[in-house]
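**Q** Here is what each chain is made of, one letter per residue.
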Amino acid sequence: MSELSSEQGQQLMTLLECALSKTPTFTVREERQLKRALTQHLEAAGLPDATAIADTLGDMGLYSDDLEGILPMLREPKRELILELAYRLSGLQRSMQRIDTATERAAKVVFALKNYARYDHTGERIKAQVLDGIETVLTLYYNQLKRGVEVIRKYEEIPQIWCYPDELNQVWTNLIHNALQAMDNRGTLTIQAALAQERVQIDINDTGSGIASELQERIFEPFFTTKAPGEGSGLGLSIVKNIIDKHKGQITVASQPGQTIFSVRLPLHGA
Amino acid sequence: MAKARSHCRRAWGLGTQMNKPIILCVDDEKSILESLKTQLKETFGSAYGYEMAEDARDALELIDELQETGAPLLLIVSDWLMPGMKGDEFLITIHQRFPQVVTVMLTGQADAAAIARATEEANLHRCLFKPWSEAELTEAIASGLAKFEQDKGDGAG
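Sequence lines, in order, name chains A and B.
Last residue of the first sequence: 271 in the working numbering, with the numbers rising by one and none dropped.
Last residue of the second sequence: 428 in the working numbering, with the numbers rising by one and none dropped.
One thing to keep in mind: the hints can contain errors.
With a Cα cut of at most 20 Å, we get these calculated DMTMM-like pairs of lysine to aspartate or glutamate [unchecked claim]: (1) B:K301 to A:D100; (2) B:K308 to A:E76; (3) A:K35 to B:D382; (4) B:K301 to A:E31; (5) B:K301 to A:D166.
In case anyone wonders, no lab produced these hints; they're calculated from the structure.
It should be emphasised that the depicted structure is a prediction, and the values quoted were computed from it without experimental measurement.
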């Protein structure tokens, strides 16, 4: 850094402050387009190495909108050094953010797994919030949801109910798994929770291919499956039905191409 | 790690080449792409251009664009488990269209059949497993680039 004049040092600080103020929000694709636009702007400004400069600036989260303040620096003979220093220094923050995001996600998954794996051996009903179970399952399915599936939560305030929460987790897992499979992991998954007539109602709505009406009656039968051999056991929905029956609840389906809704109704006080 | 870097590290300075040869990384996880980019840039400097794509479709589109600009594609590092086309299928497609491009798979889910398929049909150069070390990534890329140069030489001779 001692190679820099005080003016250049100032320019480094300006660049660095600008880079540190950024939190990346763009997708990979968007970043590529922004980098290209930036390259063109730099070329138009008469800078050599426009591609390389745009690449480094882009990695720091800086694009055409930020150019005005840093253009004088880019005309400096020492721009390579200043750019590299700013890239490396701000890189520490980028690495920390990555570590932060990764640990946060790992913590969430561990929490969800612990929740999911815990099994109540007493076989007695307890009071629990069904939305917690749904959220656990959504966390475990994060990898299949993160791209291509928009999850919309329409949760009304619902009370805790007397239930077997671990078994209900299996219900949510099966229904969400089926919904994603029906959509081929692309579409909208809407989960609605409401309270009506002393019952909690959970609707799981997907924008998938739908279930043909002549098949809808049979989907809760054991070993009934429309999936390719090896894809499904045909037991998922029959297990779901058994668990709902155990809770003295109901499960119904309404389906047409492009929309399928599984509705689960559970009494507040159970059996 | 430092050792691998020292013998591979190129000048960090900004090159003057217009259409630099391209190393392409494909993964649906942005943080993976960012880490790959940082490590590649650190090790191989500005001798190459680094392009990132979030799935196979995005990558194929990008490759078409690269064709237009005339920047040569040397090597692809691809994830396996991605939405849409999986990594083995993607690398096989690439190998059919661009047999000279060196293919590397980087995967967290070791699907033996998919790896075997890619090895067989995409002439897979290396399969790395997540979490990877910078040293093994560097080795895979450096040897892949050497292989590209050698194949090119063979082709010309």
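**Q** Can you give the numbers of the hints that this structure goes against, from lowest to highest?
**A** 2, 3, 5
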